Amino acid sequence: MEEGLRAWWLYLAGILTYLAVERVLSRPMWLYVFGHEMTHALTGLLSGAKVHSFKAKSSGGEVRLSKSNAFIALSPYVIPIYLVGVALIYAMTRHWWNPPQLLPVFQFMLGLALAFHISLTISAVHRHQPDLKVLGFFLSGVLILMGNTLVLAFLGIGLFAKTPTFSTYAKSVGNETWDGWVKSAGVLQRGIMRGYEYLRRQPWTR
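For the sequence shown, the tail end lands on 216 under this note's numbering, and the numbers increase by one without skipping.
Fair warning: there could be bad hints in the mix.
Claimed, not checked - Here are the computed lysine-lysine pairs in the BS3-like style, where the Cα-Cα straight-line distance is at most 25 Å: (1) K143 / K65; (2) K143 / K60; (3) K193 / K143; (4) K143 / K67.
Calculated from the structure, these hints are not laboratory results. This one's a predicted model, so the numbers in the text were calculated from it and none came from an experiment.
Work out the full structure: start from the sequences and follow the hints.
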């Protein structure tokens with residue numbers, strides 16, 4: 011099987027495996043809450059905050075920091091912490107031990123971690139979520155959507171075989187967007203001209 015196609019199937023297998031586990035068993039809420047609060051703590055440390063307390067259980071969690079901001083509040087909804095963990099483990103393992111089975115296992119686990127992040131993020135975003143009150147529900151939702159879209163774009167560029175570079179990707183998106191606008195303008199122009207010709211042929215315009 012071609013390498014790029016095999017990678018797609020392994021990512022897809024990981025995604026479907028997680029969705030099946032969630033469907034048949036239940037959502038691993040303690041695992042999600044722990045990763046959620048850990049992301050708050052790590053981004054807090056990166057922002058210069060001090061961690062005063064950390065609590066995580068399936069019913070909910072809490073991290074008390076010396077300060078907070080929008081980056082800290084929204085980071086768990088954008089940063090796929092377990093996906094980052096899988097990538098770091100893979101990189102370290104590959105440095106010391108790189109058997110042929112390592113890459114397929116990594117690709118499968120990456121799909122699993124990505125499905126976990128997207129599914130649990132969707133379930134966690136609601137109007138009563140305290141994290142989303144920092145910027146308001148609407149603006150927070152827009153930033154979360156944009157952030158996850160960028161994460162998926164970078165994953166597609168950096169991890170899938172035979173994908174373009176970021177500059178090629180950006181240029182392609184720009185060209186396709188421009189072509190879409192040009193075609194839309196052409197359709198609009200033809201519609202206006204046809205409407206004008208139709209009206210010009212009517213008796214009341216003579």
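A quick look at each hint next to the structure:
In summary, the hint linking K143 to K65 is supported, as the alpha carbons are separated by about 21 Å, within the 25 Å threshold. For the proposed pair K143 and K60, the alpha carbon gap of about 22 Å is at most 25 Å, so the pair holds. The suggested pairing of K193 with K143 is violated, with an alpha-carbon distance near 41 Å, which exceeds 25 Å. With a C-alpha separation of about 22 Å, the suggested pair K143 and K67 falls inside the 25 Å cut-off, and the hint holds.
Taken one by one, the earlier hints fail for this structure only at number 3.
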